[in-house]
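Asks: Take a look at the letters that make up each chain.
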Amino acid sequence: MGAMRPEPFFTAPGRGEKGVALIATLALLAAGCSKPATQKPRAASQGAPPGLEYLPPQPGSYSLPPIQAASDGTVLDESGRRRRLFDYLGDRYVLLSFIYTRCTAAKGCPLATAVFQMLRNRLEEEPMVAGRVRLVTLSFDPERDTPETMYRYASSVGVKSHGQTETWTFLTTPSRGDLEPILDGYGQYVVRELDADGRFTGDRSHVLKVFLIDRERRVRQIYSSAFLHPALVINDVKTLMMEDAGG
Amino acid sequence: MHSILRILARALVVALTLAILGPTRPVRSDETCQSPYLTMITSQEDFVYVWTLGKQGVGDGSDKLVSIDARPGSKTFGKVIHKVSVGGRHEAHHGGFTDDRRYFWAGGLDTSKIFIFDVHTDPAKPRLYKTISDFVSKSGGAVGPHTHYALPGRMLIAALSNDKDHGGRTALVEYSNKGDYLATYWIPTSEKPGGAKVEKIADGYGYDVRVLPRRNVMLTSSFTGWINYMMDFGKMLQDKEAMKRFGQTVTVWDLHARKPKKVLQVPGAPLEIRFALQPEHNYAFTTAALTSKIWLIYEDEGGEWQAKEVADIGDPTKIPLPVDTSIGVDDKSLWVTTFMDGKARRFDISDPFHPKQIYEETIGSQLNMVSQSWDGKRVYFTSSLLSNWDKKGEQDQQFLKAYAWDGQKLNPRFTVDFYAEQLGRPHLMRFGAYALYGGGQTGAAEKAVAKKMP
Chain U
0 MGAMRPEPFF TAPGRGEKGV ALIATLALLA AGCSKPATQK PRAASQGAPP GLEYLPPQPG
60 SYSLPPIQAA SDGTVLDESG RRRRLFDYLG DRYVLLSFIY TRCTAAKGCP LATAVFQMLR
120 NRLEEEPMVA GRVRLVTLSF DPERDTPETM YRYASSVGVK SHGQTETWTF LTTPSRGDLE
180 PILDGYGQYV VRELDADGRF TGDRSHVLKV FLIDRERRVR QIYSSAFLHP ALVINDVKTL
240 MMEDAGG
Chain G
0 MHSILRILAR ALVVALTLAI LGPTRPVRSD ETCQSPYLTM ITSQEDFVYV WTLGKQGVGD
60 GSDKLVSIDA RPGSKTFGKV IHKVSVGGRH EAHHGGFTDD RRYFWAGGLD TSKIFIFDVH
120 TDPAKPRLYK TISDFVSKSG GAVGPHTHYA LPGRMLIAAL SNDKDHGGRT ALVEYSNKGD
180 YLATYWIPTS EKPGGAKVEK IADGYGYDVR VLPRRNVMLT SSFTGWINYM MDFGKMLQDK
240 EAMKRFGQTV TVWDLHARKP KKVLQVPGAP LEIRFALQPE HNYAFTTAAL TSKIWLIYED
300 EGGEWQAKEV ADIGDPTKIP LPVDTSIGVD DKSLWVTTFM DGKARRFDIS DPFHPKQIYE
360 ETIGSQLNMV SQSWDGKRVY FTSSLLSNWD KKGEQDQQFL KAYAWDGQKL NPRFTVDFYA
420 EQLGRPHLMR FGAYALYGGG QTGAAEKAVA KKMP
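Heads up: the protein sequence lines correspond to chains U and G, in order. Letter by letter, the first sequence follows residues 0 to 246 in numbering that gives the first Met the number 0. Letter by letter, the second sequence follows residues 0 to 453 in numbering that gives the first Met the number 0.
Since the hints were made in silico from the structure, they are not lab data. Check each hint, because a few of them may be wrong.
Unchecked claim - Stretch by stretch, here's where chain U covers chain G in the computed footprint (C-beta under 8 Å, at least three residues):
#, segment
1, 171-179
2, 208-222
3, 250-256
Said to hold, decoys possible - Far from chain G, by Cβ distances over 12 Å, these chain U residues were calculated:
#, residue
4, S44
5, E52
6, D76
7, R80
8, R82
9, R83
10, G89
11, D90
12, R121
13, T166
14, P173
15, E192
16, K208
17, A244
Don't be surprised by glycine CBs; every beta carbon is placed ideally from N, CA and C.
Only chain G is shown next, with the shape it has when bound in the complex (with noise of 0.2 Å):
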C-alpha cells in the first residue's frame, strides 16, 4: 500500500507546481468556455453534437441533437453520423453537460421543455433519456431554459421570460442531476434587490450565466423575454416599444449563496459571458448586441466588480449584430461572431481593457455560435439565431462550417450543409468524445461502451 503521506505530500508538491506554472499544463484539447466543473476531454474531439431548430419542410420538421463526425481520418470526417429528433419544434437552443459529462441538456426556448440525451452509453449515437415539461410550474413561472450550466451533481438553468406577462423578468432555476428541480432564483429587479447594490436599473432580464469559483462570483446577462424572440425579426426592429424591452444588465452573484450582490448597467442586450481562464486573471467580457460593444466585467483592487464599455465590433452604426464570443486559453484572443454581416471577428485582449480586432472573416450570410478547441486550432461556426429572425430567401444559410486556425488566418476544413442534409437550422455545438468514458466505465455503461470503441 502506499503510504498516505507521500501520496499527500506528493498531492501538494503538484498542486504547488500548478499554482506556480497556471493552466497551461498539456491538456490538449475540449472547448473553452465551458463550466469549470465539468469532465474535460484531453484528446482531440470526436465528435461535435449540434443542437438543432427543426423547420417545417426540412426533413422531419422536428428539432433534433445531431452528431457531426470531427475524427480526422475517419470514413466519416465531417460527416453527419447521428440524428436524434425529439419531436415539434420548440425553439431549439442552447444546452450543456452534466459536470460527469453523462448527460446532455438541451432546452426549447418556446415550449419550455427540457431535454436530455444520453451521451455516455454510446457517444456517437445520443440517445432521448428524459423530458422536463414542467419547467415553467416547477420553477415558479421561468419561461424559455438558456444557457444549461453544470455544477457539481446539479444544473443550473438561466432562463430568459416569465409566464406572467411573457416579457424579460425572469429566474435562475436549479435541477438536480437526476432531473428533480431544486430551486429558483430570481434575477433582481429595482422593486424587489434582493440586497444587491443597483448601479442604475435592476431589469430583472437574464440569458447566460458563468462563475468564477476561485473568487466565489457568479455573473448573469440580460437579453430579452418571449414576445420579443419569438417575433419576426423585421417586425420587431419597426416596433419602438418591443425595442425598449432589452436587457441592460449584468448581475454580480454570490455563487455560493446564490444571492444578488450588484447589478452593473451594461446597455444593449449583453449576451454570452466569457470568463478569463488564467488564474490571476479576475475578468470576464460579454458583448453587448444592440450596441456591438464588448464589455469588460471585472474586479478592480478594492475588491468591487464593475463593468466597462472596452472596444467596438465591426461598424456599431450598421448593427452588425454580435452574437457569441470564444476566448482563448491563454486569454490573450477573443473570437466574436456577427449575424448580420455573417463575419468571425478574433480580437487581441492581451490589454483586457483595450482590446484589437487583428482579423476577420466572412463565413456565410448569417452566423452566430463559435466554439474552439483548447489549444485553439480548431474553430467551428454555426449560422442559425432564432426561428423568426434568421434571415429569409437565399440569405439563410443554415451550415456548421470548421476551421483550422494557423495562427493568422482560417483554413476551411469540412462544412455541413444543414438544409441540404434535411436537418434544420444548427444552433449550439459541444463536443464529444469516446476518451470520456474510458473502456471500463462502472455501472450500466460499461459493457456498452467496451463493445462499441473503435
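Isolated chain U, as found in the complex (with noise of 0.2 Å):
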C-alpha cells in the first residue's frame, strides 16, 4: 500500500508549545548520536519556531500563485444539516483538511488535527489574524463519521459549539456520491485498504494534504506533512493579506 515517503522528518506538534519543544529537543539528541565524524549536525537556526528547522520567509515576501478553483459539493454540518462546502469560502481565508476520525497514522490526520488545534490558539493570540480565518475539517468516510460523529470528534478537541464557532468546522458529507466529486476536485485521493480476502478493512491510505483558499475560493497552497507547521501557514494567511491590501 502507497504510504508518504519518510524522508520528510516533521516533528510532529502536540497540543501546546511545551510538547513541541520536547520533540525538537528529543529529536535533534537522536540526531546527535548518530552524527558522521566529518559533518556535526546542523542545529535549528536561530530564532526558528519550535518543530521548525528554519526561520519561514518574511510574509509578503513572497508571493501564492492560485493554483486551482476550491471545488463546491454538498455537506452535513455537526447538527445534521445539508450546507454546501461554499457556504464556508469566501468571507474568510480557509484551512481544508481531509480526515476521518478512525485514522491513526502518525503523519495523516491525526497531525491535521493537532495542527489546527495550535492554529487555533495561534489564530486567537495573532491580532492581524484573529477572526479573519476559517478551520474546516471534512470528513472523508461518510458512512461511519456521521454529523454526530463529527461532533462528538470536535468536542474531544475541544469544539463544542454544535458548528457555531466561526473558527473551526466540522462537516461530513450525506454519502460518497457526494464526497468522490470533492475529493476528485482538490485532488485528494484516498485508497480503501483491503485485507487478504478483497474485504474493505475500515482504514484509508491517502496522502495528508491541506488546502490554503483565499476570499475568491482559489486554493493558494497545499501543505503535505512535511511542512505544515503552523507559523508557515500564519504567514502564508498574512501574505495573502498583504496581497489584498494592495502590500
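The two chains are supplied separately, each in an independent frame; assemble them into the complex guided by the hints.
Replies: Dropping the structure here:
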C-alpha cells in the first residue's frame, strides 16, 4: 500500500508549545547520537519556531500563485443540516483538511487535527489574523463519520459549539456520491485498504494535504506533512492578506 | 469512536519514535532519489516504466512510454508488456510522477511538449491523458522541460533553455497537477541575481531540481542549452565556443518562497542532484559531467551552504562523462554511471567528504540512467543519453538491463534490447505498482483498478 516517503521528517506538534519543544529537543538529541564524524548536525536556525528547523520567509516577501479553483459540494454540518461547502468559503481565508476520525497514521489525520488545534490557539493570539481565518475539517468516511460522530470528534478537541464556532467547523457528507466529486476537485485521493481476502478493512490510505483557500475561493497553498506547521501557515495567510490589501 | 486524545498521543509517540530511529523503518521498496512528497511503493515494484526516444526506422519511430514487467515469477517477467506512443520524436528525456502518483509527466527537450500519462487506471498499461503544447509561451520563454519534480498538488519543472537564444539560460516552471501553468522562476544570472549571493558567476543555467523540506532548501544544477544538446556530439566537441556554453553553478533556493539565495561555483556541468536521505544529513551530491568529479553540496556549521569537489570519477583525463547517480537509503553508497565507457561505479560515501570507489562494472558500450530499489538489491540501467549524442554503429547499443546487487557485485537478472524490440532509445526509468492504487480507489478509478487487479 502506498504511504508517505519517510524522508521529510517533521517533528509532529503536540497539543501545546511545550510538547513541540520537547519533541524537537529529543529529535535533535537523537540526531546527535548518530552524527557522522565529518559533519556535525545542524541545530535549528536561531529563532526558528519550535518544531521547525528554519526561519520561515517573511510574510509578503513571496507570492502564492493561485493553484486551482476551490470545489463545492453538498456537506452536512455537526447538526446534520445540509449545506454547501462554499457556505464556508469566501468570507474568510480557509484551511481545509480532509480526515477520517478512525485514522491513526502518525503523519495523517491526527497530525492535521493537532496542527489545527495549535492554529486555533495561535489565531486567537494574532491580532492581524484573528477572526479572519476559518478551519474546516471534512471527513472522507461518510459511512462512519456521521454528523454526530463529527460533533463528538469536535468535542474531543475542545470545540463544543455545535457548528456555531466560526473558527473551526467539522463537516461530513451525506454519501460517497457526494464526497467523491469534492475529493476529485481538490485532488485528495484516498485508497480504501483491503485485507488478504479483498475485504475492506475500514482503514483508508491517503497522503495528507491541507488546502489554504483565499477569499475568492482559490487554492493558494497545499501543505503536506513535511511543512504543515502553524508558523508557515500563519505567514502564508498574512501574505494573502497583504496581497489583498495591495501591500 | 476512538478518543481523539488517545489518537493524538499515539501520533506523537510514533513521531517521536521516528525521530529517534530515523527512516530505517521496514519500508521495503520503491526507488531512491524521488521527490519526498511522492506516495511511496512499500512492496516490490511491479513495473519499470521507460520514457523512450523514438528513432527513425525503429518500430513506429515515435517517442513512447514502455512498461517492463518486473514481477519475479510472472510469465512476462523482464518482458515488454505495454507501450504507448505519443506520435513523433520530441527528444524524450526525463519525467516524473505527480505527488499522488496517479499521473506521469514526461517532457520532450526538442519540442518542449509535455506528455501526461494516466498510470492509475491500469498501472500496467499507462495511457496518454493530456499533452501540454504551450509550455514555451505560458512560461514566458522557457524551453526544454527536463526534471519533473512533484510538489504537493503541483509539478515543478526544471527547463534547460530559452526561446531567445536557445542557450543555457532558463527557468523553473510550476504547474498544478491538473496541468495549469502557475509560475516561472528564472535561474539567477550575474545581471539579475534576484537577491542571491553569487560566489563567482551566476550563469542562469538549469538542469535538475531537488528539495530538502526539513531545511527549506531547494537546489538546481546546470547543463547546457538547446543549441548544444541538439547538436551532433562529435561536432560539438570540436566547437570551442560550444564547449564554453556549459553550466558551472548550483543554485541554493528558499524552497517555500521559491527565491534564490546563493549561487555556488560548480564547474563542468553539474547534472543530477541527490540529497542524502538520513534525517541528520544536510547535504547532497552532484557530478560534473565534463570534469568527471563528484561534488558535495553541504550545509556548514554556520548554516551556510557550500560546494566542495570531493572525488574523481574514473580517469577525468579520459572524459568518462558521468551522467547519472543514485544514492543508497543509508547514505553509505552512491552509484555513478558514465556514458563514454559504459561503466557503473559504486562509491562508499560513508564519509561524504571523501568518497571512495569500491566497485565497477561495464554495463554496455554506452550507459546513462541508473535506478535502484529502496533496499538497494535491484538496480536498473538504461543506455541512451540524447539522440544526437548517442554512439553510432555497433557502439549504439540500446538496452534496459536489470541486476541484483548482492553486496559485492552486480548479478544479471534480465535485459531488454530496445532495438530488437523495435522500441527506440531507452532513457528515464520509474517504478510502478498495483499496490499504490489499492483495490478500492475512490473516484472513477475504483472500478477499473478492482477489475484488473491480479
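Asks: Evaluate each hint against the coordinates.
Replies: For each hint, the structure was consulted:
{"no.": "1", "hint": "171-179", "verdict": "holds (count 5)"}
{"no.": "2", "hint": "208-222", "verdict": "holds (count 4)"}
{"no.": "3", "hint": "250-256", "verdict": "holds (count 3)"}
{"no.": "4", "hint": "S44", "verdict": "6 Å, violated"}
{"no.": "5", "hint": "E52", "verdict": "6 Å, violated"}
{"no.": "6", "hint": "D76", "verdict": "18 Å, holds"}
{"no.": "7", "hint": "R80", "verdict": "21 Å, holds"}
{"no.": "8", "hint": "R82", "verdict": "22 Å, holds"}
{"no.": "9", "hint": "R83", "verdict": "20 Å, holds"}
{"no.": "10", "hint": "G89", "verdict": "21 Å, holds"}
{"no.": "11", "hint": "D90", "verdict": "24 Å, holds"}
{"no.": "12", "hint": "R121", "verdict": "17 Å, holds"}
{"no.": "13", "hint": "T166", "verdict": "17 Å, holds"}
{"no.": "14", "hint": "P173", "verdict": "15 Å, holds"}
{"no.": "15", "hint": "E192", "verdict": "6 Å, violated"}
{"no.": "16", "hint": "K208", "verdict": "6 Å, violated"}
{"no.": "17", "hint": "A244", "verdict": "19 Å, holds"}
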